[in-house]
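This is what each chain is made of:
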Amino acid sequence: MKKVENILRQNGHRKERIIQILSDIQRIYNYLPKEVLQYISGRLRLPLSEIYSIATFYAAFSLKPRGKHLVTVCMGTACHVRGAPAVLSRLEERLGVESGGTTSDNQFTLKTVNCLGACALAPIVVVDEEYHGQTTVNKVDKLVKTYEKDEN
Amino acid sequence: MRKTKISREYRQHLLVCAGTGCVANHSFDVKEGLQTEIIKKGLQDEIQVITTGCQGFCERGPIVIVQPDGIFYQRIRKKDIPHLVEEHLLKGRPVKELMYVPSPKEAPVPRMMDIDFFRHQRLIVLRNRGRLDPENIDEFIGFNGYGALETALTKMTPEQIIKEVKNSGLRGRGGAGFPTGKKWELCRQEKGRDKYLICNGDEGDPGAFMDRSVLEADPHSVIEGLVIGARAIGAHQGFVYVRSEYPLAVKRLKIALRQARDYGLLGKNILGTGFNFEINVTQGAGAFVCGEETALIASIEGRVGRPRQRPPYPSEKGLWGKPTNINNVETWANVPMIIQRGAKWFSSIGTKTSKGTKIFSLVGKINNTGLVEVPMGITMREIIYDIGGGIPHGKEFKAVQTGGPSGGCIPNEMLDLPIDYESLTKAGSMMGSGGMIVMDEDTCMVDVARYFINFTQEESCGKCPPCRMGTKHMVDILDRITRGQGTDKDIAMLETIAENVKLTSLCGLGQTAPNPVLTTLKYFREEYVAHIKERRCPALVCQNLISYIIDPELCGGCTVCAKNCPSDAIHGEPKKVYEIDQKKCTKCGICITVCPPKFNAVRKVSPSLT
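Protein sequence lines, in the order shown, are assigned to chains S and G. Be aware that the first sequence starts at 1, since it is given in the numbering used here, and climbs by one per residue. Be aware that the second sequence starts at 1, since it is given in the numbering used here, and climbs by one per residue.
Accuracy of the hints is not assured; some may be wrong.
[Unchecked claim] Below are the DSBU-like pairs computed for lysine-lysine, each with C-alpha atoms no more than 35 Å apart in a straight line: (1) G:K395 with S:K139; (2) G:K155 with S:K139; (3) G:K563 with S:K139.
[Unchecked claim] Okay, the calculated bits of chain S under chain G, using three or more residues with CB under 8 Å as the criterion: (4) 13–24; (5) 57–70; (6) 80–92; (7) 111–119.
[Stated by the list, open to error] Cβ pair distances, simulated, as ranges: (8) S:K3 with G:V529: 58 to 64 Å; (9) G:G390 with S:N106: 43 to 49 Å; (10) G:L417 with S:I28: 47 to 53 Å; (11) S:E148 with G:P596: 27 to 33 Å; (12) S:N106 with G:V529: 44 to 50 Å; (13) G:F28 with S:Q38: 40 to 46 Å; (14) G:G92 with S:I28: 50 to 56 Å.
Rather than coming from a laboratory, the hints here were simulated on the basis of the structure. All values reported here derive from a predicted model rather than from experimental measurement. Backbone N, C-alpha and C define an ideal beta-carbon position, used for all residues, glycine too.
Can you build the whole structure from these sequences, using the hints too?
Pasting the structure below:
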């Protein structure tokens, strides 16, 4: 909890900084662990129910552990008209999980985002902060393979 | 003064674009490669490499511009670098192969300002795009930056500043178009010492990214606008709310704020005038509704971002119950130019009711994708054809969607409409933040309507029933129609729900959510009818209504499709005609992308064969 205490200090133990605090925690743990939320609830004197409400309202937060690689498919309008739905369904099929899910070997979490604002590269898939533009059903197959290869 | 420094010390400058689009295409590798190669050739004292903010022509990234010649290079890869340095920088012969070519039959266009995409634009907000390093305040100052702040703080009273902004005719660039000067005045007139300013950078409309680009390419112009506004309104604390999807914008903004503080342009006793103003950055966490002002305020206060009833408007009771003035990124970035060049100059650009320029992000099925800043009153046709270069692959234009999920789809017949706030609203759409998504004959308008309603349904905060339940019912109906299970009553039902959601929702998100449905029903009704009556998707998009087939006349029996089919649905013998087993086919479309162009044998048909 030392790291968590650091985050609280950086944010001045201020309740109104809760969204920033949760973002910082998620950056360390990759998700929002229950024990950490309970801990900050006590430290900030903020009801756990309120923290839970914020953590479930904002799409960036996850209460479940995520896989090693985060695969994000942009579903913005420009991506949509250039074929993002086909790319997403191919990824779902290939990884064997639905959007929001994590593969059983904990390697990949698949999620969607509404717009990354990089529409000129549509359709976009982001893997661990690396952008892959102008993706196609074929390209994502190769993409998944490269990340799988990295494991071996 | 810096301007002279830039052009005097070096013979040439290479401006490497470092906006999100170009960075995604490895522009930092290109920068490093250029620097290494320049040192290798011993040119480091003559040629300087600078990274700049977004150039706007993102699809052509990574972009490198050579100054002072103004030569525009596009899609530069690492392997192109030695040749580029050798030919252009050493021997003075620009490299044709790396230049922009409008179409395969035309000659390359060497100079940036001769490219149609740039030639027709009028830059006010984006005036510094791609010409300065956003992480260096000196360059901004070199281009007259913070000059307007000095004027506002030392030569003008708050009332004069407000009058100037009012006279300029500037209206909010975030969507609704409320007069900015009027808004400032209302907030100034409120009693009380604690007032707040907010810069809304929660650019959630899918397909719009001008605010990201402004924050990345020219963060100081936003800061300058905010400090001028603070002086006019009498605020001492400001917040810039940036959505979490824009990490680079946040990074550059934070650097810019630090530099402005160091230079005495922000913080205590700004420019020695005794005026104090501080700016904090707040990051969102992925909620579209936070773009609505009262929801955004709730989010800064550390609460769930749910809108509340207005009035009271934020100008009376905003952040922590205090008078608050909120404008979006593009609006703030307009302010310094209005102070610098005057209201008269600004109001000479645009139409009767809409002054100045507007940035649009031109995306979708269009040849030249990117950000364009144009004077209000320009027609949609000029943007799409003169600047955008028309529709790719010789396809037919179908519609252009403006205003994000709150906007509508505008058909071909209305392309000559001069763009301003009123004309777009009259067409059933709205200005919104400026997303412009071009759709061609391969776009299904029912699917587009379903896409947007699904979007607002997911993003609805759930507070008021019309938005929460109305959008859900509309999604259900549109889902059925796109699956081929629509009924005769569906269109009338959609219209009734849409009208009610529009009239009775609490905030702008719900009130405008039905627009995509209403405009597609108005302009593309026949597509709905085809889906319902004939179980047919004319654009061949809706998966349940189409099938993939191999044309026996065209199939060359090359086996590529069968080898690539992930569900083993394609059978046949080499050198003979292949066939798709419709029962096994999952309609993933891989076969159509891998079939060699010389055969082009895979086709989509509707209605579905199964």
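Numbers of the earlier hints that this structure fails to satisfy, in rising order: 2
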